[in-house]
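Chemist: Protein chains in written order, with our numbering: chain A, 1 to 314; chain B, 1 to 297.
Honestly, the hints are just simulated from the structure, not real lab data.
Computed from a prediction, not measured in an experiment: that's the story for all the values here.
Check before you lean on any hint, since a few could be wrong.
[Said to hold, decoys possible] In the DSBU-like style, the derived pairs of lysine-lysine whose C-alpha atoms are separated by at most 30 angstroms in a straight line are: (1) A/K229 - A/K124; (2) A/K124 - B/K29; (3) B/K257 - A/K94.
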Amino acid sequence: MLALIGRRILIAIPTLFLVSLFVFALQRALPGDPFLVIAGEERDPEVIARLREIYRMDDPIVVQFFAWLGQVVQGDFGRSLRTGEPVLNLILQKLPVTIQLATASIIIAIGIGIPAGILAARRKGTMIDYSTSALALSGLSIPNFWLGIMMILLFSVELKLLPPSGYESIFSNPWAAIERLIMPAFVLGGGLAAFIMRHTRSAMLEVLRSDYIRTARAKGLDERKVVNKHALANALVPIITLSTLLFGELLAGAVLTEQIFTIPGFGKLIVDAVFNRDYGVVQGVVLCTAIGFIFMNLIADVLYVLVNPRLRTA
Amino acid sequence: MADAALNAAPGIARPAESTGGPLRRAWRKLVRNRAALIGGTIVLTFVLMALLAPLLPLADPLKSNFLAIRKPPSALHWFGTDELGRDQVSRLFFGAQASLLAGIVSVLIALGVGVPVGLAAGWYGGWIDAVISRITEALLACPFLILAIAFAAVLGPSLTNAMIAIGLSAVPIFIRLVRGQVISVKTEDFVEGARAVGVRDSVILFRHVAPNTLPPIVVQSTLFMAQAIILEAALSFLGLGQQPPSPSWGQMLNVAKNFMEQAPWMSVAPGVAIFLAVLGFNLLGDGLRDALDPKES
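Sequences and hints are given; from them, build the entire structure.
Modeler: In structure tokens:
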């Protein structure tokens with residue numbers, strides 16, 4: 001097991017290196033001179049020259065890359081060109097906001113997706129299956145930013161039931177937080193529920209066709225027990241690998257959801273940075289996201305082996 | 001009765017299905033799939049909307065009319081007017097051009113880069129495959145939209161750049177898909193046979209291996225069209241895609257969100273259009289997958 005984790009980490013290292021190379025190239029390809037932004041309106045040539053020296057811009061590109069990589073390895077993801085604040089601090093400030101939204105969304109997605117997927121698989125070929133599958137396909141086809149607008153129109157503008165935007169920490173004011181979280185979490189979680197539902201359905205169908213389920217049924221086991229105890233446990237295995245995909249979907253979805261509901265999270269940070277031409281932040285956020293994604297992949301690989309004993313000896 | 005028995009018996013193909021080549025069989029399966037037909041019809045409707053937009057008697061989608069600002073839906077303006085008095089129906093039709101164009105161009109970019117690189121990785125293997133695979137993994141390590149935003153930030157906000165950004169961010173998906181297909185096809189007997197009789201590598205690759213990678217590419221391209229339409233709308237919604245005054249569905253929503261209380265109708269039509277177009281491509285893609293899968297009966 002430890003050897004497997006070690007092997008996976010070793011595989012992740014070249015990927016991380018290439019991601020950092022990609023982010024570095026991205027930074028160099030960005031239009032305009034970022035130092036003009038930092039130097040302010042006066043654009044004092046001395047200031048620009050000093051900045052070029054600090055950022056080692058006159059060194060060969062390979063030297064620049066490794067100097068930058070050395071900083072990244074030490075946790076220095078660069079600074080915001082606007083405020084001068086370390087990018088890592090900015091990300092750490094915004095992350096709890098997005099984590100709160102993501103957690104609520106995952107609860108909704110799993111709460112709807114897994115039971116709906118099981119139901120559709122158990123009732124394959126019936127109206128329940130068709131309508132659940134149609135609903136899932138619709139869920140995957142609805143642009144979440146539009147769903148957000150429609151929900152605001154209905155629940156905030158028309159019915160005046162929920163606040164249209166804003167953020168409150170669940171720890172400081174739970175009720176206000178829940179009120180502000182319902183719509184964005186549903187918008188973000190709805191699409192994921194559709195995704196989970198489709199995968200749960202096909203995984204369950206696969207498992208329900210297997211010999212050991214037929215045996216369990218043949219020995220007269222209660223159908224509920226067959227499904228909940230024997231089938232579900234195995235059907236959930238491939239769904240675990242989805243967690244990495246879900247992580248990506250969550251982050252991408254958060255960018256749009258936070259924009260609609262004016263939530264000051266990770267997603268809004270990158271969009272605002274793009275518009276402010278704060279390339280230091282764009283670069284830092286892309287790198288952090290990729291590292292998070294690779295880390296999630298690693299966890300999923302390990303979990304996959306943990307829940308699937310046959311792979312432990314492989 | 002006999003028909004039912006024939007259907008139920010596994011491994012026995014219906015006589016109608018046993019005739020014709022694989023393409024004809026796939027086509028028959030596709031037209032028999034109701035969901036795929038609905039999807040195809042939706043897609044065709046949007047294609048016609050986009051193509052016929054300049055020929056139809058529609059209002060100028062760019063011309064402001066300050067006497068008709070934010071008018072609710074009526075007989076004159078079926079979906080109402082926007083903040084500059086422009087007809088929403090007209091903008092929706094012309095917006096279809098931007099959305100479909102974004103889908104087609106980004107799929108072509110993804111195919112143009114992804115297919116040759118995937119073919120090379122799968123066919124040559126060794127260090128070429130190792131390098132390409134690591135680069136693909138690195139690119140896949142970043143969520144799609146964030147990658148597209150990063151590219152759009154580099155290229156600058158415009159519809160063309162949004163299309164390039166979307167296409168580039170999908171390249172690793174196509175590389176991985178084609179590579180996997182080539183690896184599985186190149187060990188088939190007919191490839192070994194061609195090698196044994198001395199057929200050149202390039203001929204085997206382009207005449208025998210590449211055509212066999214087509215079905216999954218067709219399916220993935222159709223499904224990616226759906227994603228590209230959503231991504232274009234998302235980038236335009238964020239202000240990184242189509243720029244005003246030119247219409248695109250995402251850009252229309254971007255404006256509409258500022259007038260939710262005063263003109264709620266502005267948000268409805270473009271959102272429904274995105275939803276239907278994406279649903280159409282998803283249904284068609286699912287249908288194509290079933291039709292082109294030899295295991296599906």
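Chemist: Now look at each hint and say whether the structure bears it out.
Modeler: Structure-based check of all given hints:
1. A/K229 - A/K124: Within the cut-off at roughly 20 angstroms; holds.
2. A/K124 - B/K29: holds, 21 angstroms
3. B/K257 - A/K94: holds, 24 angstroms
In summary, the structure agrees with every hint in the numbered list given earlier.
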